[in-house]
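Q: For what it's worth, the numbering used here labels the leading residue of the sequence shown as 582, then goes sequentially.
None of these hints come from the bench; they were simulated from the model.
Quick reminder that beta carbons are idealized off the backbone N, C-alpha and C, glycines included.
Be aware that one or more of the hints could be misleading.
[As the list claims (entries may be wrong)] Simulated restraints on C-beta separations:
hint	residue 1	residue 2	range
1	T653	G622	19 to 29 Å
2	K675	A621	31 to 41 Å
3	V612	S664	29 to 39 Å
4	T653	N609	25 to 35 Å
[Stated by the list, open to error] Below, in silico cross-link-like pairs of lysine to aspartate or glutamate (DMTMM-like), each with a Cα-Cα straight-line distance of 25 Å or less:
hint	residue 1	residue 2
5	K654	E635
6	K675	D620
7	K654	D620
8	K675	E655
9	K675	E635
10	K654	E643
11	K654	D676
12	K654	E638
13	K675	E630
14	K654	E630
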Amino acid sequence: MGRTISVAVIILFCLRIGGLSVICRYCNLSVPFHGCLLDAGTCSISPGEFCKLEFHEQGGVEWFMVKGCTATKEICHSRRTISNTVHFIYCCNKDMCNI
Numbered sequence: 582m583g584r585t586i587s588v589a590v591i592i593l594f595c596l597r598i599g600g601l602s603v604i605c606r607y608c609n610l611s612v613p614f615h616g617c618l619l620d621a622g623t624c625s626i627s628p629g630e631f632c633k634l635e636f637h638e639q640g641g642v643e644w645f646m647v648k649g650c651t652a653t654k655e656i657c658h659s660r661r662t663i664s665n666t667v668h669f670i671y672c673c674n675k676d677m678c679n680i
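Given the sequences, and given the hints that come with them, work out the whole structure.
A: Structure representation (structure tokens):
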């Protein structure tokens with residue numbers, strides 16, 4: 582575990598030196614009390630793009646989250662409700678702000 586964190590920090594540092602703007606967490610499935618189950622590492626965004634954090638709730642209970650990068654601002658801060666299921670997308674543009 583410690584080695585994985587060290588490697589991640591080194592990679593993030595090298596990417597930052599390389600001139601890439603912002604690094605985001607990339608996880609295809611994050612479940613409450615278990616964390617990221619389908620971890621894909623990180624993604625980087627250019628100016629005008631955003632880190633995203635998608636919440637999926639049903640009956641007031643958080644079911645899962647999806648973390649990653651988005652190129653379109655139109656989906657940011659959107660909320661869609663179908664029956665008792667809520668889908669909310671939050672966007673930010675700072676390093677690892679979607680953790």
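Q: All the hints need checking, so say for each whether the structure fits it.
A: Here's how the hints hold up against the structure:
For the pair T653 and G622, the beta carbons lie near 22 Å from each other, so the given range of 19 to 29 Å is met. One distance hint, 31 to 41 Å for the beta-carbon pair K675 and A621, is violated here, with the actual separation near 20 Å. Taken as a hint, the range 29 to 39 Å is violated for the pair V612 and S664, whose Cβ atoms sit roughly 21 Å apart. A hinted range of 25 to 35 Å for the beta carbons of T653 and N609 is inconsistent with their spacing of about 19 Å.
Proximity of K654 to E635 is assessed by CA-CA distance (about 14 Å); at most 25 Å being required, the pair is judged to hold. For a cut-off of 25 Å, the pair hint linking K675 to D620 stands: about 20 Å separates their Cα positions. The suggested pairing of K654 with D620 holds, with an alpha-carbon distance near 24 Å, which does not exceed 25 Å. As the CA atoms of K675 and E655 are separated by approximately 18 Å, the hinted pair is consistent with the 25 Å bound.
Taking the CA atoms of K675 and E635, the gap is about 16 Å. The hint holds against a cut of 25 Å. For a cut-off of 25 Å, the pair hint linking K654 to E643 stands: about 24 Å separates their Cα positions. Proposed proximity of K654 and D676 is supported: the alpha carbons are some 17 Å apart, at most 25 Å. Simply put, K654 and E638 have alpha-carbon atoms about 22 Å apart, close enough for the 25 Å limit, and the pair holds.
Our distance criterion of 25 Å between C-alpha atoms is met by K675 and E630, whose separation comes to about 11 Å. Distance restraint check for K654 and E630: the Cα-Cα separation of roughly 7 Å lies within the 25 Å cut-off, and the hinted pair is therefore satisfied.
In summary, the numbered hints that this structure violates are 2, 3 and 4.
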